[in-house]
Amino acid sequence: MESRHYYRSLARTMALIVILVSFAPLVMVSAIIGYSFETSYRYQVVAHLLEMVEKHRQNIDIFLNDKLSSVQVLANSFTMEEMSSQEFLRRQLAVLQSSYSGTFIDIGLVDNRGIQVAYAGPLKLDGADHSQTDWFKIAKASPFFISDVFQGFSNQPNFIITASLRWDGREYIMRATMDFAAFNSIVESININHSGWAFIIDNQGRLQTRPIGLTPPDRDFFRGLLSKGNGGLQFNGALGQLLSVMSAPPDCCDYGKDVSIGRVKYQGRDVIYIMAPVKNSEWVLVYMQEEKDAFADLYRARKPAVLIALLGGISIVVMAFALSRRVIRRIEKANLEKEQMNQRVIEAGRLASVGELAAGVAHEINNPVAIIVEEAGWMDDLLAEEDLGESQNVGEFKASLNQIKTQAQRCKEINQKLLSFARGSESSMSKVKLNDLIHEIVGILEQRSRLGNVKIVKRLAPDLPEICASPTEVQQVLLNLINNAIDAIGEDWGAIEITTGFDGQTATVDVTDTGHGIPEEVLSRVFDPFFTTKPVGKGTGLGLSICYGIVKKMGGEIKINSTIGVGTTFHIHFPLGLGAGKSSSEK
Amino acid sequence: MTRTAVMLVDDEVPFVNTVTKRLSKRNLHVLTANSGYEALEKLDSGEMVDVVILDVKMPGLDGIETLREIKKAHPLVEVIMLTGHATVEDGIQGMKLGAFDYLMKPCDIEQLVEKIHEAKKKKAQSEHRPGK
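Taken in sequence, the protein lines are chains A and B. Under the numbering used here, the first residue of the first sequence carries the number 11, and numbering increases by one thereafter. Under the numbering used here, the first residue of the second sequence carries the number 69, and numbering increases by one thereafter.
Just so you know, these hints were derived from the structure itself, not from any lab. Quick caveat, the model's predicted, so the values are computed rather than measured.
Distance condition first, Cα-Cα at most 30 Å in a straight line; then the derived DSSO-like pairs of lysine-lysine:
| id | chain 1 | residue 1 | chain 2 | residue 2 |
| --- | --- | --- | --- | --- |
| 1 | A | K563 | B | K125 |
| 2 | B | K188 | B | K93 |
| 3 | A | K408 | B | K89 |
| 4 | B | K93 | A | K408 |
| 5 | B | K125 | A | K562 |
| 6 | B | K183 | B | K110 |
| 7 | B | K140 | B | K164 |
| 8 | B | K110 | B | K89 |
Cβ-Cβ distance ranges computed for the label pairs, FRET-style:
| id | chain 1 | residue 1 | chain 2 | residue 2 | range |
| --- | --- | --- | --- | --- | --- |
| 9 | A | Q419 | B | S194 | 34 to 40 Å |
| 10 | A | Q402 | B | E115 | 43 to 49 Å |
| 11 | A | Q402 | B | P127 | 42 to 48 Å |
| 12 | B | P127 | A | S534 | 36 to 42 Å |
| 13 | A | E374 | B | E115 | 29 to 35 Å |
| 14 | B | S113 | A | Q419 | 36 to 42 Å |
| 15 | A | Q515 | B | S194 | 50 to 56 Å |
| 16 | A | G514 | B | S194 | 55 to 61 Å |
Where a beta carbon is used, it is the ideal one built from N, C-alpha and C, also for glycine.
For reference, chain A alone in the conformation it holds in the complex (with noise of 0.2 Å):
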């Protein structure tokens, strides 16, 4: 569990790592690239907004300038008999209209005091009184005037360009009204193209032009604005940041000094706005456009720029983890599996120094044996000597005797069995026709499997190789791995099985019983030496453990495959060994 947590953690630490470090550049250089790029297609639009607004400030300026001069030159060209004419007037009329297609309404003479003295126009207003007016206050004060737009007597909203002559020591006034329609049109025409809005306010803020598609601010919102927009050009919040970094100074523009730009809230909206003077600083051009729209170029280029890195952030991160993960996998496997190699070498390790022990005890026990061996048969000696006939003793002594004889045996085997286990056996190596041998094995405990009621089946590979082995040693593996399995069947009808085959490297034995079959907790342990399941006396332990110290010191290999009721398989892998024929072609 704890190992589970260790390798999880550490495919955390991995991914990390290289999360970061992946991420680490990417996000610098995007943001290096996304800050010049925006910066500089912000200083792109504002400059050209600006230069849009310059513009128009001109052409406004032109227009209004241009009537004023039409209506000066109308004013000091002609004779007071020509201009009070209501004929030569309408002539007058006509010929603007044509040259400025209707933007004239009409023309009128006023006298100082107010009085209209020539007039042509639609309307009728000969002999009107213009003296209460406002625009006729300023107008006779100053030698020309251009009014704000009003409701005119056709309320229509128009507005008027007046400009004075003097003519016989006498002021005069002359006065023309122009349709407030087709200066309109100029206004609006910034907005071609432009998701913005145009208009023109008067410096007390009250609006001038109509703009399109937007709810007129009330006055208070440009008194603002124009309070702000006092002293040339002003730089507001990241916009003026932004235009502070401008490699040309404002100065040097064309924008004029008085130009101001700034960002304003409108509408719970950010909304850039950009204010130019016009006709003397009376007036001013204001220009709006939401900012959303004045970069929607920029925020969509970035659209894809952001969905781009979203993308491969998703994927580093992905293929982070799932690298991460493989990799700590691989490792897990391969600590696992080192492990059991470990664990493999410590069991082959254990045996062998068993092994060794077992080998040591077998010839210390054997001396002191023998020397039993020989003390009973000694007195063996001695009590058929000795006529004790008439003690009642003496069967009991003989008993006694052979039982120690006996005993010792048991003794001696052990300690045969032991040293087999241990150094195996002496005999030498010779080719061996595994077949035959199972043959002869077979043949010589057919009487004991009889009375146990156990059939043998042999199932052979014809053309089985033979191998170079101790012949001596393969038997008493098959020998000890039958008895087994005689032994595992015990009282009930079973049977054995044993199956010879080739694999191409070895050739492979399988002994499988009928019996009872081995518990999987002691699975492990029947190689061990003096492990055994047999009651006491029965056995020594030592069979499998000779049969596996002699598999192991050929070279082979040994396994057990066991159910619990169903039965138990042996596999042993023997090589072919050095020299070992191909195939057993005489046979």
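Dock chain B against the given chain A, drawing on the hints supplied.
Quick look at chain B alone, frame taken from chain A:
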């Protein structure tokens, strides 16, 4: 025919004692030695010995070395090797070096006596045909 003279060589004194008693009872003349050196000394001192029963595993001069020395100095003396199980190979090697036979310890006394008589018979044959 004189009684067969047997020399029992083993470092285990109780074993030697008992086997001596048992062999004597079976009409054999038994000499003993508790090491290879002692056995060689006794043979060199002119003791009349027909068959040597020699334990393979002894401290000092072991059975095989002793056998080699005996065969060198007294080629007519027959030797029967006694081995533990693991030293059967030594027994076989001993036979290659000229031992008469080998027996595994602990051995049956009757079997041993039988081997002794066979060895004595062989020795007698060798003495009658000194050319060989």
